[in-house]
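Modelling step: build the complete structure from the supplied sequences, incorporating the hints.
So the chains spell out like this:
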Amino acid sequence: MQEARIAGKSAALDEAIAEAAKLIAASRQTLIAGLGTDVAGAHAAIALAERTGAVIDHMHSEAVLRDLDVARSSGIMLTTPTEAHVRADALLIAGSDLDGALLQHLQGVIRSRERGADKPGERSMFWLCPGRKRATAPMDIAIKRIGSDPRDLPVLLAVLRARIGDRPAGDISVSAQSLDEVADALKKARFGVAIWSAAALDPLAIEMLCGLVSDLNATTRWSTLPLAAQDNAIGVMYACGWMTGLPMRTGFGRGYPRHNPWLFDSTRLVASEETDCLLWISAYRPAVPPWPTPPTTIALTGPDARFSSPPRIHITVGCPGRDHDGVQYSPSTGTLAAVAAARPSEAISVADVITKLAAALPEREIT
Amino acid sequence: MLTRIAGGRVIDPANDRDDVNDIWMRDGRIVEAPLGARADTTYDAANKIVMAGAIDIHSHIAGWNVTTARLLLPEHHWAAASRPATTPLAQAGWSAFHTGRAYAGMGFTTVVEPAVSPHYALHAHLELADTPIIDKAILVVLGNDDYLLSLLRNNESSAAVEDYVAWVLDTSRAFGVKVVNAGGAAAFKENVRAFSFDDVVPHYGVSSRQIVNSLQHAVHDLALPHPLHVHCNNLGLAGNVETALTTIAAADGVPLHLAHLQFYSYGKEGERGFSSAAARLAESVNAAKSVTVDVGQVMFGQTVTISSDVLRQFNARSQARPRKWVILDGDGNGVGVVPYEYRRNDFYNAVQWAAGLELFLLIRDPSRVFFTTDHPNGAPFTCYPEIFALLMSRDLRAEWIAALPPAAMAVTTLASITREYTLPEIATMTRAAPAKLLGLSDRGHLGPGAVADVAVYEDDADRARMFRAAALVFKDGELVVRNGEVTQHRYGRTLTVAPERDRTIDRRMNAYYDERYGLADDFVKVPAHALGRPEPFEFVPCRT
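Chain order of the listed sequences is D and R. In terms of the working numbering, the first sequence is numbered consecutively and its last residue is 349. In terms of the working numbering, the second sequence is numbered consecutively and its last residue is 545.
The set of hints was computed from the structure by calculation and includes no laboratory data.
Mimicking EDC-like on lysine to aspartate or glutamate, the simulated pairs with C-alpha atoms at most 20 angstroms apart in a straight line are:
| no. | chain 1 | residue 1 | chain 2 | residue 2 |
| --- | --- | --- | --- | --- |
| 1 | D | 338 | D | -4 |
| 2 | R | 325 | D | 51 |
| 3 | D | 338 | D | -15 |
| 4 | D | 170 | R | 191 |
| 5 | D | 170 | D | 148 |
| 6 | D | 126 | D | 162 |
| 7 | D | 126 | D | 71 |
| 8 | R | 526 | D | 307 |
| 9 | D | 126 | D | 163 |
| 10 | D | 169 | R | 191 |
| 11 | R | 290 | R | 253 |
| 12 | R | 325 | D | 197 |
| 13 | D | -9 | D | 286 |
| 14 | R | 269 | R | 347 |
| 15 | D | -9 | D | 1 |
Set out below in structure tokens:
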């Protein structure tokens, strides 16, 4: 069952797409944002952006680029969720605000080590600055908590890193003795894995944590597992990467892809009214644009989206892996994986909408 | 549709041909000159050189590793405004789209991505599906994966290893198998920091030698078209020529391909304890007839090293230029991405440059030494034309040598080598021989029945200019390039194999993934429909 609306009124799908094509053709600067879609949807969106000089951004770019920035300015040790599952004998979790889905993911990674592990055995867990919500412990493994207030995390990491390198450190709220105990335990791990959610961490804290892990590798093995943002943010980043060489927050206004995390931040573009047409995509759930006054909007979302005011065009799209087959990033394997439709339906995919939309554009829409 | 390429100098060593003649094509294949027939289209190739489309057997062009390198180095490839906007994503500096176009422009029509971890196969195939013009293939990396190491630890039969290899090839839609620092990545996870051919992987109790040997025989016994592709231990270290010599000796008459041998051609002579041992290594290759090698030539400039040799890349972090890196401890091998700049005034880099050329020039049989820079590890593949020119002119080499540190040149034999490659030798190395090595009987030559992949070059005394921009390139008989620029945008196929296997392995693998990871093994599979192109694969038969 296709569902399309123009200005809040039911319309034929083709009509809505033709209208959307007109809006994009007439736009001076189109923004393609949200971008919660499978690889095929992202592929079509990026091709459309190139053709129309649009900007591409993802609703979780902030977190994704925060992790990427650490790699592209210093360096990062990474491992896969599967390798962490079979190998990690120590886990170092940093920061609070691991929301429900991320907790679920974490739980998937650190299942019981009775099965599969190369060397079944006890796993030690350390949680730096978990915040006050005690209920967040996702598993029945004893967790050693160090510090509490997430705002203390950058300092705690710095001091811990100093102690790991046997360098002196100043006094902080955590006692020197317990810091040294933790530093010692981390050094004794045979293969430790540090875990965080970039959405909850200060960029400098992530860099400090990655540096700490790098330092631990002087004598033993440690790696990291940054928890992946939702809505296929990582899969979209990969597609951007091989199609343009660059991640999201890339604009095609000059005819070639240009990446600038500030210039092409969708929130900034909307607030400064530098965009006059928004193509908003959220196929995994009915997320709506998070801005009070978005520009003229074409929205492709899952069913039951609640807009404060109806977008100019709204097309209900299928969910990859439920309504149609797709390829997306799998947080449990850390790879792009094909997913078959669990309940195949007639709902149109993002890729198909955009392909039709591109076909409806006039030959040259920019001068 | 009958097409004629008229009056060029046809250099086709696979068919012992070097004469002025016509090449005829129909329905994507080379055909005999038809008696009395008239071509629908004729392309004038008078005074030009006509060769089969070139084949690159080892170039890191797609997959998680490559895209991680792209994302790591946004500043390395951002200015790209000058390219014409005639094809999709034409302006992207380092994209899958650009890779296909750049290869085609030089007359290459088939390229092998040699290092894909099985779990990342779908990712690599998605990128290859966006790589236009050329045909392509992937090699899967085995040899640090728990399943194989466990089979060896438990002394399972060679049939069990073969079934597993066949299963991996089928699920990942790969073309062949590569082993990278066999056992080294697994040992590194156990905190081992140096790993040689007879070292033993902790926990599994198997040596690198055993791993290479078992995979070599599995690939051979499965009759795969391409022999085992080996990245040896101790890459880049002074004195590592011993590792390469040991590995060559272990080949024991069974086909084995050694990748980017230049990176293993180092002795410990001289004041700095670092010298070229390429001459010695070349002698060993000359004597070992079952062994083939590619060079991994270094050229000077900024690049990025992308290697599944995670142990080596970890140890190379301190030499990163610029100072940043990604090291992945993966399910099997993992990968390290470390940017690097080869500098003319760097003693070590100059020795590396010379050692590669020594291998090219001292290995006598051009059908056993292959043309690579191990893109992008030694240099980007776009440097190939400059390397062709260096191989074909000792004067040009002398000019380069004069500008390099004398101390470095003193620990190599390059200055004393007078050999110059001929055009037929270049055609052997880049066409006839790679087709044979890959078991592709209908490529790399211009005989009737061959795929109509043809490159036509100006016979320019400036060989670098000649090879940089092919005058004409035909893919499957269709004109796709004129004067180095893509004129017709199309997509090629990905070559893959489907060796026989005992189907009970499928159930065993399913149970293994469930037991080890608590996951279904679906995520490792590469369904053709996921790639978004019609008929993306071409199945190549096993050897008979």
